[in-house]
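**Student:** Each chain, letter by letter, is given below.
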Amino acid sequence: MFRIIAKSLATGSLTEADPFGSRASFGFPVMDFTRCTACDACARACPTGAIQAASSTPGRKTLTLSYASCIQCRACVTICPEEAIRASSDVEVAAYSRGQLARTGSFDVDPVTGRETFVQEDVAPGPSLAESAAALRARIRGRFGRSLHVRQVDAGSCNGCELEIAATTNPLYDLERFGIHLVASPRHADLLLVTGPVTRNMEIALKRTYEAAPEPRVVVAVGACGCSGGIFGEGTTAAVGGVDRVLPVDVYIPGCPPRPQAILNGLLVAMGIREARVRDGQS
Amino acid sequence: MTSSARAVVAAALDLSEGAVRELHAGELALVASLESLPALADRVMSGLGGRLMSLFASEEPECFWLHHVYSLPEWRTFLQVVAPVSRATPAFPSIAAKHPVANWFEREVLDFFGLAPEGHPNPERVALHDDWPDGVWALRKDVPFDRAVPRVPGEFHPFRPVTGEGVFQVPVGPVHAGIIEPGHFRFGVAGEPVLYLQLRLFYVHKGTEKRFERVPWRHAIFLAESISGDTAVAHALAFAHAVERLADVTVPDRARALRVVLLELERIYNHVADIGAIATDVAFTIPASRAQALREGLVRLQDAVFGTRLLRNTIAVGGVTRDLPPQGHDRLRTHLRGFEKEFDALVRLLIDSGTFTDRVDATGVLTHQAARDLGIVGVAARASGVDADLRRDHPHDAYERLTFEVPVEDGGDVRARLMVRAREIVQSLSILRQVLDRLPESPIAAPVPAVLPPLASALGWAEAWRGPCTHWVATDERGEITRVKITDPSFLNWPGLAHAVPGNIVPDFPVINKSFNLSYSGNDR
Numbered sequence: 000m001f002r003i004i005a006k007s008l009a010t011g012s013l014t015e016a017d018p019f020g021s022r023a024s025f026g027f028p029v030m031d032f033t034r035c036t037a038c039d040a041c042a043r044a045c046p047t048g049a050i051q052a053a054s055s056t057p058g059r060k061t062l063t064l065s066y067a068s069c070i071q072c073r074a075c076v077t078i079c080p081e082e083a084i085r086a087s088s089d090v091e092v093a094a095y096s097r098g099q100l101a102r103t104g105s106f107d108v109d110p111v112t113g114r115e116t117f118v119q120e121d122v123a124p125g126p127s128l129a130e131s132a133a134a135l136r137a138r139i140r141g142r143f144g145r146s147l148h149v150r151q152v153d154a155g156s157c158n159g160c161e162l163e164i165a166a167t168t169n170p171l172y173d174l175e176r177f178g179i180h181l182v183a184s185p186r187h188a189d190l191l192l193v194t195g196p197v198t199r200n201m202e203i204a205l206k207r208t209y210e211a212a213p214e215p216r217v218v219v220a221v222g223a224c225g226c227s228g229g230i231f232g233e234g235t236t237a238a239v240g241g242v243d244r245v246l247p248v249d250v251y252i253p254g255c256p257p258r259p260q261a262i263l264n265g266l267l268v269a270m271g272i273r274e275a276r277v278r279d280g281q282s
Numbered sequence: 000m001t002s003s004a005r006a007v008v009a010a011a012l013d014l015s016e017g018a019v020r021e022l023h024a025g026e027l028a029l030v031a032s033l034e035s036l037p038a039l040a041d042r043v044m045s046g047l048g049g050r051l052m053s054l055f056a057s058e059e060p061e062c063f064w065l066h067h068v069y070s071l072p073e074w075r076t077f078l079q080v081v082a083p084v085s086r087a088t089p090a091f092p093s094i095a096a097k098h099p100v101a102n103w104f105e106r107e108v109l110d111f112f113g114l115a116p117e118g119h120p121n122p123e124r125v126a127l128h129d130d131w132p133d134g135v136w137a138l139r140k141d142v143p144f145d146r147a148v149p150r151v152p153g154e155f156h157p158f159r160p161v162t163g164e165g166v167f168q169v170p171v172g173p174v175h176a177g178i179i180e181p182g183h184f185r186f187g188v189a190g191e192p193v194l195y196l197q198l199r200l201f202y203v204h205k206g207t208e209k210r211f212e213r214v215p216w217r218h219a220i221f222l223a224e225s226i227s228g229d230t231a232v233a234h235a236l237a238f239a240h241a242v243e244r245l246a247d248v249t250v251p252d253r254a255r256a257l258r259v260v261l262l263e264l265e266r267i268y269n270h271v272a273d274i275g276a277i278a279t280d281v282a283f284t285i286p287a288s289r290a291q292a293l294r295e296g297l298v299r300l301q302d303a304v305f306g307t308r309l310l311r312n313t314i315a316v317g318g319v320t321r322d323l324p325p326q327g328h329d330r331l332r333t334h335l336r337g338f339e340k341e342f343d344a345l346v347r348l349l350i351d352s353g354t355f356t357d358r359v360d361a362t363g364v365l366t367h368q369a370a371r372d373l374g375i376v377g378v379a380a381r382a383s384g385v386d387a388d389l390r391r392d393h394p395h396d397a398y399e400r401l402t403f404e405v406p407v408e409d410g411g412d413v414r415a416r417l418m419v420r421a422r423e424i425v426q427s428l429s430i431l432r433q434v435l436d437r438l439p440e441s442p443i444a445a446p447v448p449a450v451l452p453p454l455a456s457a458l459g460w461a462e463a464w465r466g467p468c469t470h471w472v473a474t475d476e477r478g479e480i481t482r483v484k485i486t487d488p489s490f491l492n493w494p495g496l497a498h499a500v501p502g503n504i505v506p507d508f509p510v511i512n513k514s515f516n517l518s519y520s521g522n523d524r
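Heads up: the sequence lines are chains G and R, in that order. Mapping to numbering that gives the first Met the number 0: the first sequence position 276 is 275, numbers consecutive. Mapping to numbering that gives the first Met the number 0: the second sequence position 25 is 24, numbers consecutive.
In isolation and in its complexed conformation, chain G is listed as follows (with noise of 0.2 angstroms):
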């Protein structure tokens, strides 16, 4: 007994005091699309179609990337023969909607060279990230206060998203602090943290455990997977995809997986607290 209190006050506190703001080597690929000339080789190399070309009409194209299927696995920056995707380090990524998660360049096609040009960057249908958050807050308004109670749900993940998951009640991010429990049934639950893809196995159990949770049980869809189906796609003969297709979702926390401190601020952008951002300081 007598080492094991010599050992805790030995250790100290090892909590961090800002969870947030370190850098990682390697967040999400962001692309300059003044530099892109619309080669395809990224959309070629992706692995999950998180980066597409399009040509809807004839002499236009468009190249679409969207974080909500990326699993960061660089392929599509060291392809790249125009160096116009370049890495970020951000991690705090969050959104309202599988959309938001995406961005579109249009080139024009010159119908005798082929070549392509940007025209510009088009406009993402739908509302904007604060258009979004104010929708969310009017939805929750006054019932979370500060603590918030998470109901996770497994439907269908590889199992390293709920590592990460976990990794966010070990001694260093703590997110109890943030008022933040962790609860054994939906019933205690106002949020459910959702990993996918949703299989055909667990979509019933899902939309289940879903029907349990109480009003106004904010769902959040976590990873590549649980954003878009990821890697495993959508549709199949096994798997649903993504948690949308199952469940309405108020929040996507996109990576693969994503770390602790993504977990974290989509959790609390989920409160309210804090402002989804998909890119570098935008809010």
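Think of the hints as simulated: they come from the structure by calculation, not from any bench. Idealized CB from N, CA, C, for every residue including glycine. There's no promise every hint is true.
One side of the interface only, derived from the structure: several residues of chain G facing chain R at Cβ under 10 angstroms [unchecked claim]:
| hint | residue |
| --- | --- |
| 1 | LYS6 |
| 2 | ALA137 |
| 3 | GLY232 |
Dock chain R against the given chain G, drawing on the hints supplied.
**Tutor:** What follows is chain R alone, placed relative to chain G:
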């Protein structure tokens, strides 16, 4: 060495030496008739000391093939016995009655290929849930992957009934109380003591094997990393090994050494976390917190040195993706020195505490006999006195030239599984020192052909922290992947848990389960 292994195997099976082919180094193959499979299984397992590592089916236009994959540790080779199954009679003789290790494997062949294991004592579904329609065999080539299969209204899974006064069932899951993966446990209990445990898994079945057939092979390594997130290195390695053997790629020395570093780091961070989790499950919070802090220290070290917390995207076909620069080298050494001291103190804190050992001693015993009969692998096997480790028995990467022990315990209880982990960490630290002392200079990856050889196949394997991961990879006539069979150690070990729990009380289940710490995702794929 291998030619003699070939001769020994052929002689033991009463075959001409020419009947046994050496497909790749350390991998023998033998084409047999379906009827001869059970007799061959008996001879391989009793006469040659073989251990069944995997059993699966594959499909060709003319017929199906059934594969029995054995490890022959004494001869340092794998032996694959394959037999054709005709489309007209989609059935094969079962070996499960005599060799229980084949039980789930054969039922999975039935579930995904529709080949019936004849003579199987319990030929029921193991992977498919009740709302999956009859007659849809997901891994057959004529079943499309990119479309959902309608659910059929089905009866709830029939669990074995319990009868008698005060005897009842406790259903648990699939959504559990902690941050763990989904699965359903059905306990039959008489008061506190558990009479039996039935498992219902495959809730996180993602069709991973079929997915492998649909992605370009160069992207497949990312899929391998996502088979079980806590085993990213070992599964990526097993897959890379298979492709490298298939395409005759020689991995440079430095890459082989760095692969050992990555695999041992993965072992250490997971073992520490498990030791902490065992402490958590008996409510011993101080060592639990210490273990969590040690584990976080390790994953941050990995982040600092390799740029990835959970060692994703480090293994490439042909080598590794990141080199270890001199400053990373120093950082690793310094951190591991500090870790070693802290870890030693952690283990002593645990095993010197009577309240802790009371909970783990003689709890959740898996007997040596049961472990052998069920074909249990990895940590769980070594804790029940089964001395097997692919790093020694079938050395991959740089293990051939390293000196290390394979810790074996006899207790078969929670304590034994904890001690195997603790002793393995000590060995891993020694392995890391040996590798870092003599890190060879060479490129970190070999060039890989743009197109894989057509109509080729190979086994790949790696001893992960849980146990052996094996991948069998085959290509079609265009050199694209046509089949990957993934065997995660969890698939072999789940039945061991069901044997270790009965006789214990329900409140001890969490700690027994944690001492196995099996992957649901790796099992379900």
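**Student:** Next step is simple, just say for each hint if it's right about the structure.
**Tutor:** Consistency of the hints with the structure:
no., hint, in the structure
1, LYS6, "7 angstroms, holds"
2, ALA137, "29 angstroms, violated"
3, GLY232, "7 angstroms, holds"
Against the hints set out earlier in the document, a violation occurs for number 2 only.
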